[in-house]
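Visitor: Sequence:
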Amino acid sequence: MGKPLDEAGLDTIFRTARTYNGYTDQPVSEADIRGIYDLLKMGPTSANQHPARFIWCMSDAAKEKLAACAMDSNADKIRKAPVSVVIGMDEDFHEQLPWLFPHADARSWFLRDEAGRKEHAMRNSSLQGAYFIIAARALGLDTGPMSGFDAEKVNAAFFADQPKVKVNFISTLGHGDPDSVFDRSPRPDFDKFNRIA
1 MGKPLDEAGL DTIFRTARTY NGYTDQPVSE ADIRGIYDLL KMGPTSANQH
51 PARFIWCMSD AAKEKLAACA MDSNADKIRK APVSVVIGMD EDFHEQLPWL
101 FPHADARSWF LRDEAGRKEH AMRNSSLQGA YFIIAARALG LDTGPMSGFD
151 AEKVNAAFFA DQPKVKVNFI STLGHGDPDS VFDRSPRPDF DKFNRIA
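First residue of the sequence shown? That's 1 in the UniProt record's numbering, and the numbers climb one at a time after it.
Hints may contain errors.
[What the hints assert, rightly or not] Below 30 Å or equal to it, Euclidean Cα-Cα: the simulated DSS-like pairs (lysine-lysine) are:
no.	residue 1	residue 2
1	Lys41	Lys80
2	Lys63	Lys118
3	Lys80	Lys63
4	Lys63	Lys164
5	Lys164	Lys65
6	Lys41	Lys166
7	Lys63	Lys41
8	Lys166	Lys80
9	Lys41	Lys3
10	Lys65	Lys118
11	Lys3	Lys153
[To be verified] Here are the computed distance ranges between Cβ atoms for each label pair:
no.	residue 1	residue 2	range
12	Gly148	His103	37 to 45 Å
13	Asp6	Ser59	19 to 27 Å
14	Asp105	Ser147	33 to 41 Å
15	Thr16	Ala68	30 to 38 Å
16	Lys41	Pro98	16 to 24 Å
17	Arg107	Ala197	33 to 41 Å
If you are wondering where the hints come from, they were derived from the structure by calculation, not from laboratory data. Glycine included, every Cβ here is placed at the ideal spot set by N, Cα and C.
Build out the structure end to end from the sequences listed, making use of the hints.
Guide: What follows is the structure in structure tokens.
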């Protein structure tokens, strides 16, 4: 059974964490990236599907390729970030279920249900994308998730060899520059969007 995080931990992950538009010059290493993945992979997905496919753009060439798929303001953020990440989703995730979920024949649940696979891939890769953000924050890094890009261009540039993998969203990653954030936007109180039934 888990223990509540202390106040500093809650601040790091949620309360004082921000979406960054720019980063300091402090580098992000491959060890940092692997550390993020080793945390995010522990987050739950339905039937342990793990449909997310991550491409970590560290080289200038990879970042430039991704920037060419994004709207102008996002393209500049991608180029300048230490790392930019493509969070994709494998619509044929079910092919991996025999080893990811050995408790049942879960592959058969999705074999003839392409629409269901797409729905599950989107839902569960979105969860994994959120785990990426939380894991990065937990390890002292910051992110800038975004959706201002041409999905077809991203798919052609990064997943041409895997036609069943599609982009979900993209994000920058690094050590956030405090001068790059706006004032925090409003957050609704519980009673605004919640009901207890």
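Visitor: Would you pick out the hints that fail for this structure and give their numbers low to high?
Guide: Those not satisfied are hints 11 and 13.
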